[in-house]
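These are the residues of each chain, in order.
There are 4 protein chains.
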Amino acid sequence: MTQAPPSIAPASGKLAILLPGLGAVSTTFIAGIEAILQGLGRPIGSLTQMGRVRLGKRTEMKVPLIKEFVPLASLDDLVFGSWDCVPDNAYEAALKAGVLEPTLIEKLRSKLEAIQPWTAAFDQKFVQKLHGTHCKRGTRRALAEQIGNDIDAFLKKTGASRAVMIWCGSTEVFTQSGPHHASLAALEKALDHDEQAIAPSILYAYAALTRGIPYANGAPNLTVDIPAMQELANQTHAPIAGKDFKTGQTLMKTILAPGLRARHLGIRGWYSTNILGNRDGEVLDDPQSFKTKEVSKLSVLGTILQPELNPELYSDLYHKVCINYYPPRGDNKEGWDNIDIFGWLGYAMQIKIDFLCRDSILAAPIVLDLALFLDLAKRAGLKGIQEWLSFYLKSPMVKEGLYPEHNLFHQEMKLMNTLRWMMGETQITHLGIDYYQA
Amino acid sequence: MTQAPPSIAPASGKLAILLPGLGAVSTTFIAGIEAILQGLGRPIGSLTQMGRVRLGKRTEMKVPLIKEFVPLASLDDLVFGSWDCVPDNAYEAALKAGVLEPTLIEKLRSKLEAIQPWTAAFDQKFVQKLHGTHCKRGTRRALAEQIGNDIDAFLKKTGASRAVMIWCGSTEVFTQSGPHHASLAALEKALDHDEQAIAPSILYAYAALTRGIPYANGAPNLTVDIPAMQELANQTHAPIAGKDFKTGQTLMKTILAPGLRARHLGIRGWYSTNILGNRDGEVLDDPQSFKTKEVSKLSVLGTILQPELNPELYSDLYHKVCINYYPPRGDNKEGWDNIDIFGWLGYAMQIKIDFLCRDSILAAPIVLDLALFLDLAKRAGLKGIQEWLSFYLKSPMVKEGLYPEHNLFHQEMKLMNTLRWMMGETQITHLGIDYYQA
Amino acid sequence: MTQAPPSIAPASGKLAILLPGLGAVSTTFIAGIEAILQGLGRPIGSLTQMGRVRLGKRTEMKVPLIKEFVPLASLDDLVFGSWDCVPDNAYEAALKAGVLEPTLIEKLRSKLEAIQPWTAAFDQKFVQKLHGTHCKRGTRRALAEQIGNDIDAFLKKTGASRAVMIWCGSTEVFTQSGPHHASLAALEKALDHDEQAIAPSILYAYAALTRGIPYANGAPNLTVDIPAMQELANQTHAPIAGKDFKTGQTLMKTILAPGLRARHLGIRGWYSTNILGNRDGEVLDDPQSFKTKEVSKLSVLGTILQPELNPELYSDLYHKVCINYYPPRGDNKEGWDNIDIFGWLGYAMQIKIDFLCRDSILAAPIVLDLALFLDLAKRAGLKGIQEWLSFYLKSPMVKEGLYPEHNLFHQEMKLMNTLRWMMGETQITHLGIDYYQA
Amino acid sequence: MTQAPPSIAPASGKLAILLPGLGAVSTTFIAGIEAILQGLGRPIGSLTQMGRVRLGKRTEMKVPLIKEFVPLASLDDLVFGSWDCVPDNAYEAALKAGVLEPTLIEKLRSKLEAIQPWTAAFDQKFVQKLHGTHCKRGTRRALAEQIGNDIDAFLKKTGASRAVMIWCGSTEVFTQSGPHHASLAALEKALDHDEQAIAPSILYAYAALTRGIPYANGAPNLTVDIPAMQELANQTHAPIAGKDFKTGQTLMKTILAPGLRARHLGIRGWYSTNILGNRDGEVLDDPQSFKTKEVSKLSVLGTILQPELNPELYSDLYHKVCINYYPPRGDNKEGWDNIDIFGWLGYAMQIKIDFLCRDSILAAPIVLDLALFLDLAKRAGLKGIQEWLSFYLKSPMVKEGLYPEHNLFHQEMKLMNTLRWMMGETQITHLGIDYYQA
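Protein chains in written order, with the working numbering: chain F, 1 to 438; chain D, 1001 to 1438; chain W, 2001 to 2438; chain V, 3001 to 3438.
It should be emphasised that the hints constitute simulated quantities derived from the structure, not laboratory data. The model shown is predicted, which means the values in this text are computed figures rather than measured ones. Warning: the hint list may mix true and false statements.
To be verified - With beta-carbon atoms standing in for the labels, derived distance ranges:
| hint | chain 1 | residue 1 | chain 2 | residue 2 | range |
| --- | --- | --- | --- | --- | --- |
| 1 | V | 3037 | F | 37 | 37 to 47 Å |
| 2 | D | 1316 | V | 3064 | 27 to 37 Å |
| 3 | W | 2087 | F | 302 | 35 to 45 Å |
| 4 | W | 2302 | F | 192 | 55 to 65 Å |
| 5 | W | 2211 | F | 129 | 46 to 56 Å |
| 6 | W | 2177 | V | 3103 | 38 to 48 Å |
| 7 | V | 3109 | F | 210 | 58 to 68 Å |
| 8 | D | 1282 | V | 3057 | 35 to 45 Å |
| 9 | V | 3196 | D | 1139 | 49 to 59 Å |
| 10 | V | 3312 | D | 1282 | 23 to 33 Å |
| 11 | D | 1308 | V | 3312 | 38 to 48 Å |
Said to hold, decoys possible - Each computed SDA-like pair below joins lysine to any residue, with the alpha-carbon atoms no more than 25 Å apart:
| hint | chain 1 | residue 1 | chain 2 | residue 2 |
| --- | --- | --- | --- | --- |
| 12 | V | 3057 | W | 2004 |
| 13 | D | 1399 | F | 59 |
| 14 | V | 3291 | V | 3431 |
| 15 | V | 3129 | D | 1322 |
| 16 | W | 2129 | W | 2049 |
| 17 | D | 1320 | V | 3309 |
| 18 | W | 2057 | V | 3301 |
| 19 | D | 1291 | V | 3291 |
| 20 | D | 1320 | V | 3279 |
| 21 | V | 3062 | W | 2308 |
| 22 | D | 1096 | W | 2104 |
| 23 | W | 2067 | V | 3431 |
| 24 | W | 2067 | V | 3307 |
| 25 | F | 156 | F | 303 |
| 26 | F | 291 | W | 2286 |
| 27 | D | 1057 | F | 403 |
| 28 | D | 1156 | D | 1135 |
| 29 | D | 1067 | F | 303 |
| 30 | F | 320 | W | 2098 |
| 31 | W | 2062 | V | 3431 |
| 32 | F | 399 | D | 1057 |
| 33 | V | 3129 | D | 1269 |
| 34 | W | 2062 | V | 3153 |
| 35 | F | 320 | W | 2129 |
| 36 | V | 3096 | D | 1348 |
| 37 | W | 2062 | V | 3306 |
| 38 | V | 3057 | V | 3006 |
| 39 | F | 57 | D | 1104 |
| 40 | W | 2096 | D | 1104 |
Just so you know, even glycine gets a beta-carbon here, dropped at the ideal spot from N, CA and C.
Looking at chain F on its own, in the form it has when it is part of the complex (with noise of 0.2 Å):
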């Protein structure tokens, strides 16, 4: 590798952490911090808090915690601010969401209350199982101003010295790129036209990276993945990472198919299920949303799996992704899946997954790191697309050219990859034949 580590500033002052939607994920993301600084939870889930850095040789069992080998900020710096359709601070939220016990929001309650959201910028026709009542009014450019505004004067009034947005909003309805994404002086023309086709997720995106925030989005809404943002993100030097936390079934998929790929087993179909009976159940319950995250789930078995190098293996494969709200288990979500498989000389085996998981329990390390890493990189000068963190997403953005890597393991070595060179350590190849020519 030649390119040489940048440099990178400090994580010193208070570091905003800004949330459209404050929902299931966005209220466990928040108390989880608040419970982690008073002792009562540990980050489970979450690399930049947990997490360690293999350097050097394996006899050498140099493996120091990331938090320790790269500048991160510092959970007791962290600030949230929020955007809302329904009026209920952080407590309320979190009671209603039910992911974590009463008696922990409890304890934590004049810390949640403190967090009343802001009103949204929000659309039903892009979210149509929801009904706002807590809501901006004007046109998509005015709507963008007030939500730069809301930043602005929460940087203000906190004194934070940086911040990062991280989308913990609803699934949009399906939409493609089209014209008004395809340049940021076509997306401007749309602002400022008041263009109804310009998705409310949009005008977050924009309101921070036009102040050089970088931004992260966690749902599979066609937002920061267009040519326009792109454009700014480069032009203000924004880091921008997405799209959709990669949770429950997703993530287990991108552990599973790396595994048969590697062996070279055959997979006929892939049938997974899906219960699940929390906000996010109801709105996927739309076809309309549904369609943006099945496009999301269904395409990270191609470029795993690659059909057109392994025709025999892999380009029969009958991928079936369904959704089903069922209201008794809320946010405690079940993921099913059936594999057919085939091997030696075409023989049929099967494999059956269950997955009792829990959506928000899941997410919210994510977007801690995702918080953290963004904050790193900007301060390390690195902006547009990071690559680095497709293996927080379910379908991650590259650079043109590029096809996205969706098995988990590369995704972990190209962060890990990615951390050893920002500090300046050699690359690990897990080659290690100079073991045994010594």
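Dock chains D, W and V against the given chain F, drawing on the hints supplied.
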């Protein structure tokens, strides 16, 4: 990496595949090779036959087949020899094993009938559930010599230029490395004294290694993972690998555990049970043989999860492995796993995996790959432990002072980067920062 | 019970089995009968062939075979006639269905080839995913007459003394009982006016019932469960039964739900999903046909659980049924259920059931039993709805004013006690207090 | 039925519930009763509290609550006494058991703290994994007398008019009925001689039965299923029932097996494994205690399937039951079953059931129902074995010469028809031919 690539002798002439044990795995392997040569099936699951290796940058799309990238023996150059304590020829043994469809076996009948096993070096103390009726007689030393004579005669008869031995026999009772195993001199002396503690499997390996023939151990037996054998392998320039083919449940475990570890999800318990009804199941119904297998199966989680580095996540893990002989299933093993995990703030989740697999179907391509890669290693001048073949094994051997890699994806990376290194290609690190900073 | 047992005519002569639909179920049934007659298989799943009935006290051990207790037609007296909108004979259709092994079908080839379907009364509006190429032409009245002619000619040709018709065709689109179905007169008029709302399945049943031939409905179609047909059946003394063969998942549901109910465990949710890849799966991929099936599948829990009597336990039950067309599986359906139950003080528990079943293998013995029992009912002078055959059906028909019994064990008791009643034996109540008070 | 209904004494005054063993089951039961009385929970799972009984014809819709149909003791008339080898009171024991939420236990604290166990008659030879610290001393005879004194004193103190004893203690090691058990005289002699082969559980039952107090056995121990005890029960007019509460996996087995049998589907194998982490799991980790449980669990399939009558379907069934101590789960047991079935022509299918249950939650309502029904039986003048309570038990006791009924639905019918008989109502047969022949 400073090690220069080796020079590799061409794969000319016939390659003898020597198989102690002519049961389900061996017959599925041999019949499969014949079926593939006759166009009746495809070598699914074999990297040497179907795998590709990515070279250079992601944008170059250079992904040749492995068998066109490194010089491997061709399938039609393989000849098969075997030993078994039952006198059935490969046709009879394949029918009894019940793995392949009788109609397929019928088509290969004459080829299979020609493979008549040599008498085995068998000692019932080491495999209590089997009753040998087709056995050699003599002291330990004499048995080793008889095996050697079988090999020499076979090479002469077939004109094979090279040979590889792959243990496909049963799991022996649990034994630990002792003074007889501590050095080659001690082992020689034990053979001379007809020491009954020397397991039959060691006699086969001894016969192979003294001839410089590579050896891989498909069972969890203590065989080449003792100082005496490694000394011998280094002396005669024989590559060795072991031990215990990584097939169903443990394969799944070394796929899934790295994924959970990557995401820093904690694990409280991992319960694994297996039902199988083949000869393997019957042998493992003996507590002594099960002990050998259990140790092998339990070992994998430790170095993947590294509880010493992640005590909050993995130090309380309760790991239980059961195997139950269940005749209704025959060779169609079923592995059921329950994994109790926890995430953000300690919230509990569960994963259940039901793997309806086929033991010998998964093992057969491993036999093939180990044979061809060990032969490649031999021609490349590599000797002793071939850690890069860990990918195929439940309990990979490593040089003293190193911990084994059980993570399937580190193993895959090691294997692929070893092939790249052998051919003088650049190592892949998945950093990829150059795409974005060009 | 005061009703006197009926007198039963003997089962002499041939019995014609008339099957609308010559697909997977019909061919598995017909080929199975031939295989059984030739000693190539056993009629597993058939009460008429393998079942026994307990008579008298537990201590008497009097448990004759049903077929030796009641006078049933013998398997070698059966002759088969069928209609299909595809011209394949039973041999070709059986191969396409992919249920039975080709080697078995080959052995029965000449018998199966002799069964050439008559042209079907087909209307694509009622089965949108199929394309009929082997169809009758004419008005609804004319089609019914042509079906009748097929029957008359077949009885004449084979010399059969009796006949039974069992619908084994596809699921039609959802329709509701309307004015055309309200009386026999209205139906006659609708036929005369070539009313297109009359489903093809009704034409087959009409042709059978006008001849006094018993009819059972294996699909969830609206056919004999309309007043017009019941009027006709009573007029012509034809027994009828329906509807929808109770095979995989619903069978399991009517086994398990009575057990949970018996123990008074509450149920919050029951999620059922199915994957199947046969023609049935393809037809049900059409939302209109699925609706018909869904109504049938959802109905079973109500009368088993009686939420009106047990509101604390069952009134909030969320019941969801999905069917997904998944080609990799063919006829080997898989049903996965998740059941959220609660016990003492409301504590939650879960049950998951994965049923790897075979649709036609489960349906074939039902066809046989319904045919033989309906023929018995006819000879016993029973007419109209045969509720005692509910045991075999997802949506059992009952007399107006009665609720249907879905509990498989009440259905079994009803069937067995009906057989006892027919032969003048004592009813079984399982009281048994006399054993202890003698 | 010629037996006249009994006359039943009213349920006036207090009823003492005597519980050997104050562990998870007892405390969940006692705390549950208190919670129900305070309106903090509902007696889900209890027929005596929530069940109804259908009377007369289906059209009459006469389905009173059982507790309004037969005269049962009221919940607020219950008083609780218990013995345990650990001195914890019911509050402490409930917290340790970890079944109920601490917040609920806290609300019931004073009521629970008042229940202080009496010292136990404990012998470690019979429960090898437990260490008693709160035990009586003396010969077998003396221990039985001390237990009797505890009972007498408790009845006097509480003023209870009646009592019932339900064994809720641990599973003892496997023992077989021997000469000491063969008659009451032999047992008396064994007590006099301090025969160490007499299990502690027998001493409790002896103390109860000599006082005419009904006894039910919730564990698989050999206790009242010996001739000596039945002789005693008949002498003192004490009703008895046993043995082994039918809760999780076995409950499921006696639901499912009757369904498969009803449909005449064959079964090749039934593999059952359990993971649980409570004290029960720890006790059963001892092979001797497991043996006792295993015999009880294995017995159920025989009389449900009757392989002697259905040899083609059930004579080759391979039945395997495993229990694994798995601490991560605590009282939340999980049972996984795989069932290999076959249908028409022998084609194979599979059923897998995963039951995430809660042992004590399922057992508590059984304790309640057995207590109230045994008290009813006593007041109705019934004595000795109460076969109609088989519904609640894994290994139901029956009169000599009868086979036990394990089919849950026959058991339910027997229970319900017994209640109908007691109150002079018509037996239900599910024939229902009169609806159609009126």
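Taking the hints in turn, this is what the structure says about them:
no.	hint	verdict
1	V:3037 <-> F:37: 37 to 47 Å	holds (43 Å)
2	D:1316 <-> V:3064: 27 to 37 Å	violated (52 Å)
3	W:2087 <-> F:302: 35 to 45 Å	holds (41 Å)
4	W:2302 <-> F:192: 55 to 65 Å	holds (58 Å)
5	W:2211 <-> F:129: 46 to 56 Å	holds (54 Å)
6	W:2177 <-> V:3103: 38 to 48 Å	violated (53 Å)
7	V:3109 <-> F:210: 58 to 68 Å	holds (60 Å)
8	D:1282 <-> V:3057: 35 to 45 Å	violated (58 Å)
9	V:3196 <-> D:1139: 49 to 59 Å	holds (53 Å)
10	V:3312 <-> D:1282: 23 to 33 Å	holds (26 Å)
11	D:1308 <-> V:3312: 38 to 48 Å	violated (58 Å)
12	V:3057 <-> W:2004	holds (19 Å)
13	D:1399 <-> F:59	holds (11 Å)
14	V:3291 <-> V:3431	violated (42 Å)
15	V:3129 <-> D:1322	holds (22 Å)
16	W:2129 <-> W:2049	violated (36 Å)
17	D:1320 <-> V:3309	violated (40 Å)
18	W:2057 <-> V:3301	holds (21 Å)
19	D:1291 <-> V:3291	holds (22 Å)
20	D:1320 <-> V:3279	holds (18 Å)
21	V:3062 <-> W:2308	holds (13 Å)
22	D:1096 <-> W:2104	holds (22 Å)
23	W:2067 <-> V:3431	holds (20 Å)
24	W:2067 <-> V:3307	holds (19 Å)
25	F:156 <-> F:303	violated (44 Å)
26	F:291 <-> W:2286	holds (19 Å)
27	D:1057 <-> F:403	holds (12 Å)
28	D:1156 <-> D:1135	holds (23 Å)
29	D:1067 <-> F:303	holds (22 Å)
30	F:320 <-> W:2098	holds (23 Å)
31	W:2062 <-> V:3431	holds (20 Å)
32	F:399 <-> D:1057	holds (14 Å)
33	V:3129 <-> D:1269	holds (22 Å)
34	W:2062 <-> V:3153	violated (52 Å)
35	F:320 <-> W:2129	holds (20 Å)
36	V:3096 <-> D:1348	holds (20 Å)
37	W:2062 <-> V:3306	holds (13 Å)
38	V:3057 <-> V:3006	holds (24 Å)
39	F:57 <-> D:1104	violated (50 Å)
40	W:2096 <-> D:1104	holds (22 Å)
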